[in-house]
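Take the sequences, apply the hints, and build the full model.
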Amino acid sequence: MYKIQEIFTTSYSDFSRDFNPTMVQQKAALSIINCKSSTLGCNISRCLDCGHSETHNNSCRNRNCPCCQGILKELWIDARKAEVIDASYFHAVFTLPAELNPLIYANQASLYALMHQCASKTLLELSSDQKYLGATPGIIQVLHTWGQEMNYHPHIHCIISGAGLTHAKQLKKSSSKFFIPVKVLGNVFRGKFLEGLQKLFVKNKLHFSSSCSILQNSYAWSEFRDSLYKKTWIPYIKETFNGFGNAIDYLGRYTHRIAISNSRVTSITDSEVTFTANDYKTGKKKNVTILHKEFIRRFLMHVLPSGFQKIRYYGFLNNRSKKKNLILLAKLTNKELFKSLFTSMSNEEILLSLWGINTKQCNKCGNNSMRHAGKLFHQLN
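Going by the numbering used here, the sequence shown opens with residue 199, and the numbers climb by one from there.
Each computed SDA-like pair below joins lysine to any residue, with the alpha-carbon atoms no more than 20 Å apart:
#1 Lys-429 <-> Gly-384
#2 Lys-370 <-> Lys-521
#3 Lys-370 <-> His-289
#4 Lys-403 <-> Gln-306
#5 Lys-201 <-> Arg-259
#6 Lys-390 <-> Thr-293
The hints are simulated quantities; they were obtained by calculation from the structure and are not laboratory data.
Being a predicted model, the structure only gives us computed values, none of them experimental.
Below, the structure written as structure tokens:
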């Protein structure tokens, strides 16, 4: 049993009695508990040469499960490599003042969507300005909601191409440095987000939980909103890299990441969990020890609303015109785009290519004669 799965298996029942998890949180928790167990059924393989048979329990494939992200991440990276161009790429992160956290958590679907919308509009609007890039770049955005200790910290990671298409459908490149001043980026994002937030308030589309119930009062709301306008919102720019180099491999570290991985859990007792976290004050790693139920509470806080798209594409990667734009960009750069490696491969071939796992090799006779022979399903009482 995997570490995080062990914590949920041991203590989720107690947690659910004391707290009130949402339906999507309940589904995530039960998926983690049952992942790779007989509850989800299994696939049977049999060797055509020696008759040896094996059963393999099914994975849950829940996007919050720490055991089910590996191959999904690799498939995503492979598909995206066919969409990069020969240019500099930049990593920007949009954060929000912590005072907004209770309101955002109470309105996850609408305010996470607003974060995506405002980040993309900020980048596209400023990029189109002749003072900066004067073109439309390609942008990939990923929503994360956690900090190192699984505390609530919603933010948007953006990978932005340092080249784009002008209105005349010509290629325009930036220098090796990010082309938009960070202060300008923060001011425009702040304005767009608070304007969108105000519209939701006026239309009575915000829910106010107990921790932010005072904001239902129009005077308290105005004071709260004005205080946020007075704050300096500072996005930050991380690494710069080349699209034909490591841009997408780098982004893959973020796309299918969840709040915490099994590798960070160092110790589990009957009641406590210890995991490692980066301490940004000292620049070193530290150990964090909390109760099982607190671990589960923090973990489930980052389960996104059902169906919410945490990865989104903008600019010349907009889904409606992406294919046409990429063909044009390949011509303008006079370079072929990467071809997806896994598109024409079976799951067995992908596993062999990525991790050297040969699902056709029989563990008894050693021949490559294992074949799928059927499925078994768990029978509910």
